[in-house]
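Enquirer: Just need the whole structure built from these sequences, with the hints factored in.
Residue numbers (our numbering), protein chains in the order written: chain D, 11 to 332; chain E, 3 to 305; chain P, 981 to 1285.
Keep in mind that the hints were calculated from the coordinates and are not lab data.
Model, not experiment: these values are computed from the prediction.
Hints are supplied without guarantee of correctness; some may be wrong.
[Said to hold, decoys possible] Derived, one-sided and incomplete: chain P residues facing chain D with beta-carbon distance under 10 Å:
| no. | residue |
| --- | --- |
| 1 | Thr-1043 |
| 2 | Leu-1045 |
| 3 | Leu-1046 |
| 4 | Gln-1050 |
| 5 | Ser-1052 |
| 6 | Glu-1131 |
| 7 | Asn-1133 |
| 8 | Gln-1134 |
| 9 | Asn-1136 |
| 10 | Val-1219 |
| 11 | Val-1228 |
| 12 | Gly-1229 |
| 13 | Arg-1242 |
| 14 | Ile-1245 |
| 15 | Pro-1246 |
[Claimed, not checked] List time: in silico DSS-like cross-link candidates among lysine-lysine, alpha-carbon distance up to 25 Å:
| no. | chain 1 | residue 1 | chain 2 | residue 2 |
| --- | --- | --- | --- | --- |
| 16 | D | Lys-112 | P | Lys-1251 |
| 17 | D | Lys-112 | D | Lys-322 |
| 18 | D | Lys-126 | D | Lys-96 |
| 19 | P | Lys-999 | E | Lys-200 |
| 20 | P | Lys-1178 | P | Lys-1097 |
| 21 | D | Lys-174 | D | Lys-156 |
| 22 | P | Lys-1251 | D | Lys-161 |
| 23 | D | Lys-322 | D | Lys-283 |
| 24 | D | Lys-166 | P | Lys-1125 |
| 25 | D | Lys-164 | D | Lys-143 |
| 26 | P | Lys-999 | D | Lys-166 |
| 27 | E | Lys-206 | P | Lys-999 |
| 28 | D | Lys-291 | D | Lys-143 |
| 29 | D | Lys-309 | D | Lys-322 |
| 30 | D | Lys-96 | D | Lys-54 |
| 31 | D | Lys-156 | P | Lys-1041 |
| 32 | D | Lys-283 | D | Lys-50 |
| 33 | D | Lys-96 | D | Lys-122 |
| 34 | D | Lys-156 | D | Lys-50 |
| 35 | D | Lys-291 | D | Lys-121 |
| 36 | D | Lys-156 | D | Lys-270 |
| 37 | D | Lys-309 | D | Lys-143 |
| 38 | D | Lys-166 | D | Lys-156 |
| 39 | D | Lys-54 | D | Lys-126 |
| 40 | D | Lys-291 | D | Lys-96 |
Ideal Cβ placement from N, Cα and C applies to all residues, glycine included.
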Amino acid sequence: MTSKTYKPVLAAFAAALALGAAACGSNDEGSASGSTGGGKLSGKIAIDGSSTVAPFTQAAAELFNEENPDVQITVGTSGTGGGFEKFCAGETDISDASRPIKDDEEVPVCKKAGVKYGQVQVANDGIAVVTNKALTVDCLTTDQLKQVWNKGSKVKSLADVDPKLPDTPLSLYGPGTDSGTFDFFTGEINGEEGVTREDYEPSEDDNQLVTGVEGDDGGLGYFGFSYYEGAQDQLNLVGVDSGDGCVKPSTATIQDGSYKPLARPLFMYPSAKAMARPEVKAFMEFVIANQQDIAEAAKIVPLTEAQAGEAKTELQNAEQGS
Amino acid sequence: MTGAQMASRARARTSVLPRPSTGSRVADLAFRAVMYLSIAVGFAGLGAILFDVARDGLPRLSWEFITNFPSRIIPERSGIQSALVGTLYLMAICAVLVVPLGVATAVYLEEYADRRRWWNRMIEVNIQNLAAVPSVVYGILGLAFIVRGPLSMGRVLLAGGITLSLLVLPVVIIVAREAIRAVPPSIREGSLALGATKWQTIWKQVLPGAIAGIATGVILALSRAIGETAPLLIIGAAVSPRFNPGSLFDSFTALPIQIFGWTTDADREFVSAAAGAILVLMAILVVMNSIAIFLRNRYEQKW
Amino acid sequence: MTSLAYTRTRRSVGEQAIKYALLAAAAVSVLTTVLIVLSLLRETVSFFGDVPIGAFLFGTKWTPLLGGDQQSFGVIPLLTGTLYLTAIGLLVAVPLGLLAAIYLSEYASPRVRKVVKPVLELLAGVPTIVFGYFALTYFTPTILKGFFGIEVNQFNALSAGIILGLLVLPTIASVAEDALSAVPASLREGAYGLGASKLQVSLRVVFPAALSGVVAALILGASRAVGETVIILVAGGQVARLGLDPTVGYQSMAAFIAATARGDIPTGSIKYETIFVVGMALFVITLTLNALSIRLVNRYRQVYE
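Expert: Okay, structure coming up:
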């Protein structure tokens, strides 16, 4: 075989690759790092942390991109704990958190690494307790929840907690230990953070929890309220009674605090170093200014007026770093 | 005279050979029934998969679907641009890495390696083993050495490309070896007899003769590479990024990863997007396979 | 008369250089294996510094995601989960695959074979995420729960296992068919000449003659099933549990690795190390299967070739 026959093959191959690369090139949004002054912002913002806050941050990024398409924002979901680890190691610009940064474990790490930051509350959230649609239960007291979820629990069905409830065997779903939701729930319900029964299906991926509860007749789980809102038709929302009557989570009850004890603030922690960059500053200001719209788009509970005002102040402090 | 002819002639004499008994005829029919049934079940199962994907995904296909980026807030607007671009980039990186390395290794093993030497035998066995290693392990390798560890380049496009290249490299080597082996020795001997050096022979005679087989193998290996999900999950491809990677050291995603993200999303509105992305991925694979078959049929050397 | 001894011309030096360059390329494949083994080994050793090897090998609770004293690293549930899912998959793929192979090689007309063979190879190349998608969004809700009315969990072994079987079915069928077709025609003709029926020829003559290739096909399918990640990850759930109830979910080794590595765990933590320990176990298992397959092929390779 002479070179005449294989050259066309090679040429075709190379042409195909080149075409592909050229086509991709023309679709590129052209991300130049560093920022330009006067209107067109560009750069990269690395955000990581809680998977409960992530939908909010992602929605914020999308809306922000409509006016500033050259700012590339990546939102990771390593969990609140994992997010802080990377944040204090200087790997991310903003940390999403569904609980405040831990004074004993995480603050010293950041201090030691010289990472200064601000704590900005961006939204509210409640932890929703949900069951499968077939498992009809309207309300559970905090005591009953503790019976189900505490370490060493032998509860196999809701009938064990209250004979009037169905005796379908339970299929439990909940977050894993890197999750701020996990910390918060176990702290409030079981009395101590990190203490939980073992035979449940843990996942850092809230999507997995929703899908699981949705599909098992005895499904019972807990996760961020926004994830419930996204799948309302497929799930049964359980009200929580902490002594003052049964309260179901909703925007109103979460904002005014009557959904006890599972209502909590959601935070974004921008580092002072990142805030010095115009694109990060613009993004955070955008978030505070538009938090109502962003929260609605992400199906998360927005801030009250008072909280919004505080957030603005906190953001200004963040620039100085604390 | 063949055995069959003997049989028919013997059967013509009837009385000597026994006719197939009713028992064995029933057994034969029963077997055929079971066989056809199982084939039907198998193909029905596989067909159902493609059918279901097509049904869910076809309504989603449109120019917007291809050019949009994934959207959190408006699922109907989600598109695959970042995933498609990522996949194409990964394919290009793989091709650039895998073709020279794979062909060079194959040439070495077929033309230069003395099989009596232990290290050459070891290389051969090693390649066979690597081809059988599950893709997750390659993902772990990428995580430990490329994303972190000595290279520490982070969860970037190049890391994904290198990992996938290592994954399919054994396949390319094996296929290239077969293509080179198929070139008859007479070609080589003729060339050497005319005074060419070994390398000149390889470069101008053997490789051109094997190119069709090599190209086919490379295309099939690349189509395997771009269908892989697990290694990229472990490397840390981004989920639903709203931008294309601008350089080799940017975060990236790929079609299988995007499909995975949409499939497992609790928001059921993303399911049709996942199906649509599957159709795009399958279309790419079908095109690649067709090119491979075309090359094989058109340029295959009949020695 | 000039000496006929080998003189180093410029040409031959170039040739040597090329040879070493090619050897270097070939060494990349060796380097890959070395790196794989190194990366797995280093973290595995580190892991066994924290967790006693007995607790790992013989422990029956795998809960690395929990904290404190509830954290447990017994690998047995992952092993049994992997085996169970693979078994279900092979239960589907082996009979269907072998029967399809026999059909293609012995019963089908050459025209049918010409069409079906490439289709099989195409099916063998379908990305596994497609199977995972089907299992989660259609097979579990519509077929298992809807059509058959089985009370399965959202993530269950039945769905993941059967779909896993569908995944390896084309591979087993294709490779087994290759083995069966490779049996020389003279064997078949001899058997027909002795008055055997088609069934007898297929099952008693051709199949045993191709046994080595068929077994290789089965082991290839099993190896692929063991290493499969995405189907289990999407449809099998994330609980590593012991047991044989097909209506609940199980986690395989590969699925655990992928699920854990996604969480982006800090280097050096024990959770990070679990990725490598389980990876090492998986690596050893697939390598053993591969070696077994090669040895069986060589031992039973009939002398018809």
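Enquirer: Evaluate each hint against the coordinates.
Expert: Hints and how they fare:
1. Thr-1043: holds (6 Å)
2. Leu-1045: Since the shortest Cβ distance to chain D is 4 Å, the answer is holds.
3. Leu-1046: holds (6 Å)
4. Gln-1050: holds (5 Å)
5. Ser-1052: holds (8 Å)
6. Glu-1131: holds (7 Å)
7. Asn-1133: It holds, given that the least Cβ distance between Asn-1133 (chain P) and chain D is near 5 Å, below 10 Å.
8. Gln-1134: holds (2 Å)
9. Asn-1136: OK, holds: Asn-1136 (chain P) within 10 Å of chain D, min 9 Å.
10. Val-1219: holds (5 Å)
11. Val-1228: OK, holds: Val-1228 (chain P) within 10 Å of chain D, min 8 Å.
12. Gly-1229: holds (7 Å)
13. Arg-1242: holds (8 Å)
14. Ile-1245: Cβ of Ile-1245 (chain P) sits 7 Å from chain D, so the hint holds.
15. Pro-1246: holds (6 Å)
16. D:Lys-112 / P:Lys-1251: holds (21 Å)
17. D:Lys-112 / D:Lys-322: The hint holds at about 23 Å.
18. D:Lys-126 / D:Lys-96: holds (14 Å)
19. P:Lys-999 / E:Lys-200: holds (10 Å)
20. P:Lys-1178 / P:Lys-1097: Within the cut-off at roughly 22 Å; holds.
21. D:Lys-174 / D:Lys-156: holds (18 Å)
22. P:Lys-1251 / D:Lys-161: Between Lys-1251 (chain P) and Lys-161 (chain D) the Cα gap is close to 22 Å, so the pair holds against 25 Å.
23. D:Lys-322 / D:Lys-283: holds (18 Å)
24. D:Lys-166 / P:Lys-1125: Cα-Cα ~23 Å, so holds.
25. D:Lys-164 / D:Lys-143: holds (23 Å)
26. P:Lys-999 / D:Lys-166: violated (69 Å)
27. E:Lys-206 / P:Lys-999: OK: Lys-206 (chain E) and Lys-999 (chain P) at ~16 Å, within 25 Å.
28. D:Lys-291 / D:Lys-143: The given pair, whose Cα atoms are some 44 Å apart, is violated under the 25 Å limit.
29. D:Lys-309 / D:Lys-322: holds (22 Å)
30. D:Lys-96 / D:Lys-54: Distance of about 16 Å is within 25 Å: holds.
31. D:Lys-156 / P:Lys-1041: holds (23 Å)
32. D:Lys-283 / D:Lys-50: holds (21 Å)
33. D:Lys-96 / D:Lys-122: holds (14 Å)
34. D:Lys-156 / D:Lys-50: Status violated; Cα separation ~53 Å.
35. D:Lys-291 / D:Lys-121: holds (22 Å)
36. D:Lys-156 / D:Lys-270: Given pair Lys-156 (chain D), Lys-270 (chain D) holds - Cα atoms ~14 Å apart, limit 25 Å.
37. D:Lys-309 / D:Lys-143: Within the cut-off at roughly 21 Å; holds.
38. D:Lys-166 / D:Lys-156: holds (13 Å)
39. D:Lys-54 / D:Lys-126: At roughly 19 Å apart (the allowed maximum being 25 Å), Lys-126 (chain D) and Lys-54 (chain D) satisfy the hint.
40. D:Lys-291 / D:Lys-96: Answer holds: Lys-291 (chain D) to Lys-96 (chain D) is near 20 Å, not above 25 Å.
This entry does not satisfy hints 26, 28 and 34, going by the numbered hints stated previously.
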